[in-house]
Amino acid sequence: QVYLAESGGGLVEAGGSLRLSCALHENIFNFNAVGWYRQAPGGEREFVADINVGGRTNYAESVQGRFTISRDNLANTVYLQMNSLKAEDTAVYYCNAGLSSRTYSFPWGRGTQVTGPS
12 QVYLAESGGG LVEAGGSLRL SCALHENIFN FNAVGWYRQA PGGEREFVAD INVGGRTNYA
72 ESVQGRFTIS RDNLANTVYL QMNSLKAEDT AVYYCNAGLS SRTYSFPWGR GTQVTGPS
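Residue numbers (my numbering): 12 to 129.
Quick caveat, the hints were computed from the structure, so don't treat them as lab data. Keep in mind that a hint or two might mislead.
Said to hold, decoys possible - What follows is a list of derived Cβ distance ranges for each label pair:
id: 1; residue 1: E37; residue 2: N94; range: 26 to 32 Å
id: 2; residue 1: A98; residue 2: N43; range: 29 to 35 Å
id: 3; residue 1: E57; residue 2: G19; range: 15 to 21 Å
id: 4; residue 1: S73; residue 2: G21; range: 27 to 33 Å
It should be emphasised that the depicted structure is a prediction, and the values quoted were computed from it without experimental measurement. Glycine residues also receive a C-beta, built at the ideal position from the N, C-alpha and C atoms.
Just need the whole structure built from these sequences, with the hints factored in.
Structure representation (structure tokens):
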């Protein structure tokens, strides 16, 4: 069973923008925290941002002010708007849901590749 599916990645130039989407199964959309994580080549998976059922958001310091996470309760979808992309944002981006901020409870999906400026 597919719990979540990421989409929207691509190749962007310096200062460019992308919007990622995470479609979640209706049974997990209302987990307390739905978040985005990323894994750069050769690196470990790291937290990017999350949002709770009340709309409260948390961000990694490296993306604060450039990325915005939001949720569409009718579409069971969480978005990550990424602006002013940098080379260090290059990674595979994943979404997941957890019982609290910066935690995750489900198998990882395939992710979506974001390639920033070289």
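- Item | Which numbered hints fail | 4
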